[in-house]
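Peer 1: Given the sequences, and given the hints that come with them, work out the whole structure.
2 protein chains.
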Amino acid sequence: MQPLAHTFPLGFIGLGVMGGSMAGHLLNAGYPLNIFNRTRAKADALIAKGAYFCESAAEVARSSSVVFTMLGMPSDVEEIYLGPPGLLQNAKPGTLLIDMTTSSPALAQKIFTEARQREIASLDAPVSGGDIGAREARLSIMVGGEASDFERALPLLKILGKTIVLQGGAGSGQHTKLANQIAIAGAMLGVCEALGYAKRAGLDPHRVLESIGSGAAGSWSLTNLAPRMLAGNFEPGFLVKHLVKDIRLALDSGAILNARTPTVSLAGELYEELLAAGGAEQGTQALFRLFDSTP
Amino acid sequence: MQPLAHTFPLGFIGLGVMGGSMAGHLLNAGYPLNIFNRTRAKADALIAKGAYFCESAAEVARSSSVVFTMLGMPSDVEEIYLGPPGLLQNAKPGTLLIDMTTSSPALAQKIFTEARQREIASLDAPVSGGDIGAREARLSIMVGGEASDFERALPLLKILGKTIVLQGGAGSGQHTKLANQIAIAGAMLGVCEALGYAKRAGLDPHRVLESIGSGAAGSWSLTNLAPRMLAGNFEPGFLVKHLVKDIRLALDSGAILNARTPTVSLAGELYEELLAAGGAEQGTQALFRLFDSTP
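Protein sequences, first through last, are from chains Z and H. In case it helps, our numbering puts the first sequence at residues 126 to 420. In case it helps, our numbering puts the second sequence at residues 126 to 420.
If you are wondering where the hints come from, they were derived from the structure by calculation, not from laboratory data. There could be a bad hint or two in this list.
Any copy, or any two copies together, can satisfy a pair, since identical chains are not distinguished.
Mimicking DMTMM-like on lysine to aspartate or glutamate, the simulated pairs with C-alpha atoms at most 25 Å apart in a straight line are [said to hold, decoys possible]: (1) K287 to D329; (2) K370 to E276; (3) K167 to E244; (4) K217 to D377; (5) K167 to E276; (6) K283 to E335; (7) K287 to E335; (8) K217 to E335; (9) K283 to E271; (10) K283 to D329; (11) K235 to D329.
What you are looking at is a predicted structure, and each value in this text was computed from that prediction instead of being measured.
Peer 2: Put into structure tokens, the structure is as follows:
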């Protein structure tokens, strides 16, 4: 079977730091690509490489066989997919919609159900790996939806990422991503608090890292973010306001599931405090600011 | 200068899982070794290899140039060092006492000060790396005390561990170990909560690990303990009751330092709950029990 992806162009909506890199990979792989972004300037580099800029998300939906979205907030996902004139109202039957935004599992399930009624397929496929992972096509892509739709998407997803796993039915990709964020939140709390304690105790925190960096206290956060924390480098990386969004999603979803979430609750309290202290546009490692005080 | 360590035997007090392995390494390196343990049976293997079993800690102190201690609780450290008939009352001037127990920084400072008044040297030198690290002499040893005493101890510590760092004055080794335990507590909370959330969401948690194991959520705990959690394998590893001890030490020390410790506070609440549920003798990964419930 010739996949539909080869007979009609692909579409990509949401050309921020992540989406821009990902759309570029699809274009470099030789696929005709329809693109749309609210801020048109962000599409310039892709247009120069041959992408076709549509006047609306609806136009992308009407003229593409597979549409990727990489948006900001769940409210954006809801509007673009479900609102008039949204993707579901405009996509032809047989179109595959793939939302790679980190968003609500419940919303992903709602989109799946409503899409299905229109004979449109949908996958939730959020990613981890950040801007570098997107640029280097080394993302981990966590997918929820039907196995047949996953198989159809897989050759395209392989252009964008390295670890691509179908986690289960609609919403499962989002659930997996939230589990990922919960684990990150715990590790980040531990690293910030450990370094804060070390400084209060009058230790040289760099020397502390020599002792604790490669043992049971080790983590991606400790290896990659602790040195930035100690250097006072709070450049993003991954924005505080985006992690706060994910934490709220995890808390909402955890409440629906009746899951126990004291760690991400604590992370939420502290990151809200950081937001209030003007940290929204900093990297998530800026949480260290709340723990950093020399005696 | 011929180090004193070569002219008189070494001493080792506390021959549990960790201490037994460590004393064995010193013996294998060719040092005459005086040993003591409350339960004499634990000394049998070392006696068979040539160690001399003393009738008391005081006798070890009187007849050794360098005395290592690897005890259980800070109260044990206080009794063995400061109580009559303790190490300080019985060690000759010039003796070096090295406490490798994870214990209180404040107690380490008190021992240092009182030892010094008797012309006895002391180091606090807790370790990470667990029973395997002790057995394979790959421990990370975090040292507090005087630089000259550290230099004197270094050839011996190199027999026991791999990463050996002088962190600062008396108590700094203990402070560093507590920072290590704080980082571990955060990572452990994140891993348990992420897996608990995944199960509540109806995901296959092993498949979730495929997606999240090697990215920004990665940690020693995720790699090494998550598979045990999912297998229901709560064998120690590192005992819950020992981590609870360390958490209490971190909270006490954090309060003295006026450090912010919400993460280790939360870990303390949850591990106390696990203690109450009969988890004292399980491995620390048993914290997952509190988060594990399928919908």
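Peer 1: Compare the structure with each hint and give your call.
Peer 2: These are the hints, each one checked on the structure:
1. K287 to D329: Between copies only: 20 Å across chains, 38 Å inside a chain, cut-off 25 Å.
2. K370 to E276: neither (30 Å within a copy, 51 Å between copies)
3. K167 to E244: neither (32 Å within a copy, 71 Å between copies)
4. K217 to D377: Answer is neither; intra-copy 33 Å and inter-copy 64 Å both fail.
5. K167 to E276: neither (31 Å within a copy, 59 Å between copies)
6. K283 to E335: This pair counts as between: shortest inter-copy Cα distance 16 Å, intra-copy 37 Å.
7. K287 to E335: between (31 Å within a copy, 12 Å between copies)
8. K217 to E335: neither (58 Å within a copy, 34 Å between copies)
9. K283 to E271: Answer is within: at 17 Å inside a copy they meet the 25 Å cutoff, but 56 Å across does not.
10. K283 to D329: between (44 Å within a copy, 22 Å between copies)
11. K235 to D329: For K235 and D329, only the inter-copy Cα distance (22 Å) is at most 25 Å; the intra-copy one is 52 Å.
Going down the numbered hints, you'll see the structure goes against 2, 3, 4, 5, 8, while the others check out.
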